[in-house]
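Student: Single-letter residue listing:
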Amino acid sequence: MLTELTVAGALKALKSGETNAVELAEAHLRAIEALNPRLNAYVTLHAEQTLDAARESDARKQRGALEGIPLGLKDLFCTEGVRTTAGSKILGNFVPPYESTVTAKLKAAGAVSLGKLNLDEFAMGSTNSNSAHGPTINPWSSDNRKLVPGGSSGASAAAVAARLAPGTMATDTGGSIRQPAAFCGVAGIKPTYGRVSRWGIIAYASSLDQAGPMARTVEDCAILLREMAGHDPKDSTSADVPVPDFATACGRSVKGMRIGVPAEYRLEGLSPEIARVWDQGLEWLKEAGAEIVPISLPHTKHALATYYIVAPAEASSNLARYDGVRYGLRVAGQGDGLNDLYERSRAAGFGAEVQRRILIGTYVLSAGYYEAYYLKAQKLRALIRRDFEQAWESCDAILTPATPTAAFALDDQPSDPVTMYLNDVFTITANLAGIPGISVPAGLSAEGLPLGLQILGRPFEEESLFAAGAALERAANFTAKPGMVA
Amino acid sequence: MSYTIDGWELVIGLEVHAQVTSQAKLFSGAATAFGAAPNSQVSFVDAGMPGMLPVINGECVAQAVRTGLGLNAEIHLWSRFDRKNYFYADLPQGYQISQFAHPIVGKGEVEITLADGSTKTIGITRLHLEQDAGKSLHDQHAAKSFIDLNRSGVALMEIVSEPDMRSPEEAGAYLTKLRQIMRYLGTCDGNMDEGSLRADVNVSVRKPGEGFRTRCEVKNVNSIRFVMQAVEAEARRQIEVWESGGTVEQETRLFDTGRGVTRSMRSKEDAHDYRYFPDPDLPPLVFTQDFVDGLKAGLPELPDARRARYVAMGLSPYDAHVLTLEKDTAVFFEEVAQGRDAKLAANWVTGDYFAALNRLKRDVSDSPVSARHLGRLLDLIADGTISGKIAKDVFEIMLEADEDPAAIVESRGLKQVKDTGAIEAAADAVLAANADKVAEFRSGKDKLFGFFIGQVMKAMQGKGNPALVNEVLKAKLQG
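Chains as they are written, first to last, in my numbering: chain W, 4 to 489; chain X, 197 to 675.
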């Protein structure tokens with residue numbers, strides 16, 4: 004089955020001539036055709052374009068590092084000539100006249116785009132059900148119980164799990180790669196802030212947003228990240244640091260590596276299943292030669308509040324450009340003035356969660372509230388960053404659960420947004436501190452749903468994450484497959 | 197004597213927006229030429245397209261630092277960009293990138309010169325970099341507004357003064373000086389009619405000895421003359437409010453140039469809450485002292501230094517001031533004066549030359565006479581080829597076609613006659629024709645000497661060498 008191939012496996016098969024790019028693309032397009040109506044992962048498909056790209060790839064003499072590999076793209080990456088929606092009505096049928104740096108690099112490396120993947124609107128959410136395109140369904144769902152795939156990159160995770168792509172491009176602002184990876188039983192890494200260019204990715208919260216890959220193996224994530232990463236002069240926050248061969252790090256031993264266990268992450272009421280997987284993960288790393296050290300990240304309890312001030316504040320400003328004037332949705336009545344145009348277009352174009360975050364963000368930046376909210380949050384953010392800097396004195400990486408629970412049912416979603424925000428409790432600190440984090444599938448819950456572990460590391464030391472992540476992966480030997488699979 | 201209106205003192209501060217002279221915009225590579233077709237100089241960044249990011253233009257930073265140095269100001273090696281959030285159709289991002297909390301340039305000062313020759317120092321509070329917005333055109337269609345984004349993202353320097361000015365004249369002199377400094381530096385072209393330089397004028401009034409009273413801001417005044425008029429109009433309005441027992445409310449006003457009055461634009465209650473916060477797309481702007489020192493070493497001579505140098509060359513302080521007001525004028529003057537008598541050059545430039553410009557409605561940048569030719573004319577006077585009087589005629593001819601004055605003198609036979617024989621012949625003829633006047637002169641009417649000189653020069657069509665004519669006549673009359 005060509006759809007069973009990992010990125011590394013497909014590269015090998017392409018190289019040996021066992022298969023070609025067209026066959027690979029066709030196999031995945033067939034799988035998408037069969038399963039997508041149920042999963043609602045892809046929101047834009049362009050089969051002709053995909054096959055043309057595959058044919059060109061097969062004809063290419065100069066082979067790129069991802070030559071012929073089909074990939075799905077979260078619909079937050081601007082793609083030249085292909086509709087880009089951010090999961091929002093406000094963008095209408097916006098077709099960018101430019102290509103994001105990440106997707107341009109992947110194309111240049113020979114990758115073939117399968118289409119654009121669903122997401123929570125403007126990457127705001129943990130369920131992929133805040134989307135103008137409707138919810139994406141977790142392929143681990145059973146017939147009588149539809150599960151969420153997590154969010155905001157829910158479809159990017161679901162597509163990989165259901166074998167609708169060997170790898171996908173996603174973004175992570177508060178856990179949007181790692182949480183859905185855990186919910187869908189796949190691997191995903193949020194790199195260090197600045198590792199991957201943000202140019203051409205529709206912004207949610209600029210100081211937190213970072214793109215990363217999702218795939219079925221840690222090694223695949225390493226292969227994809229290498230092609231995505233690198234300095235981009237068009238993004239002033241992009242770091243000018245060398246990009247190592249991450250895949251090599253997957254084979255590196257963890258012997259002597261000090262793995263920190265933060266006391267503050269052992270939350271009251273943490274599900275026993277999650278606690279068990281966490282302990283199991285520590286045991287595996289210990290067996291592989293790592294040293295387990297208790298650490299403290301004392302400001303963890305403020306992370307959620309800090310995030311839900313900083314991210315909405317930036318979002319309220321970043322989303323001001325969607326005003327119905329130049330592109331996307333415009334709703335205007337006869338005789339409407341400019342303010343009517345703004346109000347009607349934005350009221351009709353933005354979903355409830357986006358509106359909520361714009362309102363929160365506008366509020367925390369307002370005169371008289373700025374000091375109490377935004378400025379205070381910035382101070383806490385500095386303290387959270389310092390927590391990690393101090394932790395690195397006694398450990399090289401940190402192991403935590405990726406999520407507080409396994410995937411929950413679409414119908415069981417907490418109606419209270421604050422309860423919903425708790426989903427990000429383990430992942431959010433990495434975005435606030437700008438450090439890398441990887442989520443790796445580590446076991447199954449009693450209900451047979453995937454559970455993930457997260458490894459955090461020092462800035463620009465993704466190699467430690469790949470080494471420890473691959474060690475966990477080997478020990479966990481996670482071979483379970485979702486019910487809905489190509 | 198300080199300036200007052202009906203016993204009220206004026207307190208004036210200016211916020212000047214100066215468009216940075218640069219090839220590209222502040223955060224995008226788009227061009228900045230004035231007068232291009234609408235929406236032809238717009239990048240995806242300037243249009244606020246999804247996913248676009250700003251990247252600082254280093255040349256705009258250098259221009260701001262140069263300007264700061266020209267204002268004798270502190271240069272901040274660490275500064276930061278903030279977002280100023282508000283909705284408007286010609287603001288595509290929904291926010292303006294500006295420097296609110298940490299400007300690139302801090303406190304400085306400039307010296308202004310007033311009409312009576314006195315000088316005064318005006319404090320500069322800060323200078324910061326920011327993006328300009330696009331333009332809304334409301335007069336192109338009956339029911340629609342058109343938007344031109346060419347100006348969107350163009351770099352501006354906002355220069356804020358201390359409330360140090362006390363009269364319309366001082367406000368005018370300050371803006372003139374600011375423009376002069378930036379034109380010398382080449383950091384802003386200062387063309388107010390093209391909108392490259394605009395001023396927001398803050399005005400309050402008080403009784404001498406009082407603290408500050410409430411001020412009002414008059415927005416977007418676009419000429420030096422209007423700034424002076426707006427100051428006076430707004431001051432008079434406030435005085436009337438106070439004197440009729442009312443209270444001046446803080447507000448933003450506009451100057452109606454047609455009627456010469458200010459009118460309310462928005463009150464303090466309607467003021468925007470701009471929700472400033474650090475722009476997360478841009479790291480702090482950091483540079484080294486070496487960078488600043490390098491720019492400092494490359495700065496051109498500034499007007500104050502130039503003026504001092506002219507005074508040292510022997511010019512009057514007034515001539516030095518007038519000649520340095522515009523850099524183009526100073527450059528023109530220096531070319532004329534190069535290797536010549538500076539005082540004579542100054543007299544010619546500020547005298548006949550300026551008069552001619554006025555008369556022809558031209559300026560130095562499109563001068564009817566080149567500095568090289570004007571210099572040659574001075575050479576012809578200095579070496580006695582022509583008299584100062586003939587030089588004025590030659591200059592008039594030069595205005596028509598900017599010919600080499602030597603060629604004009606040659607082709608029109610204007611060369612001074614130094615041949616004593618010819619002068620003697622002319623003198624003899626004049627004396628013979630005016631025997632009565634000769635007798636009067638000899639009986640003591642000395643003043644008639646001038647009459648004889650005039651007659652001889654007239655007979656020689658002005659070409660007689662004045663010294664020789666003088667000498668010959670003196671000898672003949674006294675002989």
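Hint data in this document are derived by calculation from the structure and do not stem from the laboratory. Values in this document were obtained by computation on a predicted structure and should not be read as measured data. Glycine residues also receive a C-beta, built at the ideal position from the N, C-alpha and C atoms. Take these hints with a grain of salt, some might be off.
What the hints assert, rightly or not - Dumping the calculated SDA-like pairs for lysine to any residue here, alpha-carbon to alpha-carbon at most 20 Å: (1) LYS588/X with GLY658/X; (2) LYS237/W with LEU478/X; (3) LYS340/X with LEU332/W; (4) LYS588/X with THR616/X; (5) LYS382/W with ALA297/X; (6) LYS379/W with PHE296/X; (7) LYS373/X with GLU406/X; (8) LYS614/X with GLY580/X; (9) LYS379/W with PRO474/X; (10) LYS379/W with ARG276/X; (11) LYS237/W with LEU481/X; (12) LYS237/W with PRO480/X; (13) LYS237/W with GLY225/X; (14) LYS331/X with GLY336/W; (15) LYS110/W with GLY247/X; (16) LYS340/X with GLY336/W; (17) LYS237/W with GLY658/X; (18) LYS659/X with VAL613/X; (19) LYS237/W with ALA220/X; (20) LYS92/W with ASP562/X; (21) LYS464/X with ASP385/X; (22) LYS672/X with GLY646/X; (23) LYS588/X with GLY617/X.
Unchecked claim - The following residues of chain X were derived to be distant from chain W, with all beta-carbon distances above 12 Å: (24) ALA285; (25) GLN376; (26) TYR514.
Student: So, for every hint listed, does it hold in this structure?
Tutor: Okay, the hints, checked on the actual structure:
no., hint, in the structure
1, LYS588/X with GLY658/X, "12 Å, holds"
2, LYS237/W with LEU478/X, "11 Å, holds"
3, LYS340/X with LEU332/W, "18 Å, holds"
4, LYS588/X with THR616/X, "24 Å, violated"
5, LYS382/W with ALA297/X, "17 Å, holds"
6, LYS379/W with PHE296/X, "19 Å, holds"
7, LYS373/X with GLU406/X, "29 Å, violated"
8, LYS614/X with GLY580/X, "9 Å, holds"
9, LYS379/W with PRO474/X, "14 Å, holds"
10, LYS379/W with ARG276/X, "19 Å, holds"
11, LYS237/W with LEU481/X, "16 Å, holds"
12, LYS237/W with PRO480/X, "16 Å, holds"
13, LYS237/W with GLY225/X, "11 Å, holds"
14, LYS331/X with GLY336/W, "24 Å, violated"
15, LYS110/W with GLY247/X, "18 Å, holds"
16, LYS340/X with GLY336/W, "13 Å, holds"
17, LYS237/W with GLY658/X, "72 Å, violated"
18, LYS659/X with VAL613/X, "6 Å, holds"
19, LYS237/W with ALA220/X, "15 Å, holds"
20, LYS92/W with ASP562/X, "57 Å, violated"
21, LYS464/X with ASP385/X, "33 Å, violated"
22, LYS672/X with GLY646/X, "14 Å, holds"
23, LYS588/X with GLY617/X, "26 Å, violated"
24, ALA285, "5 Å, violated"
25, GLN376, "35 Å, holds"
26, TYR514, "50 Å, holds"
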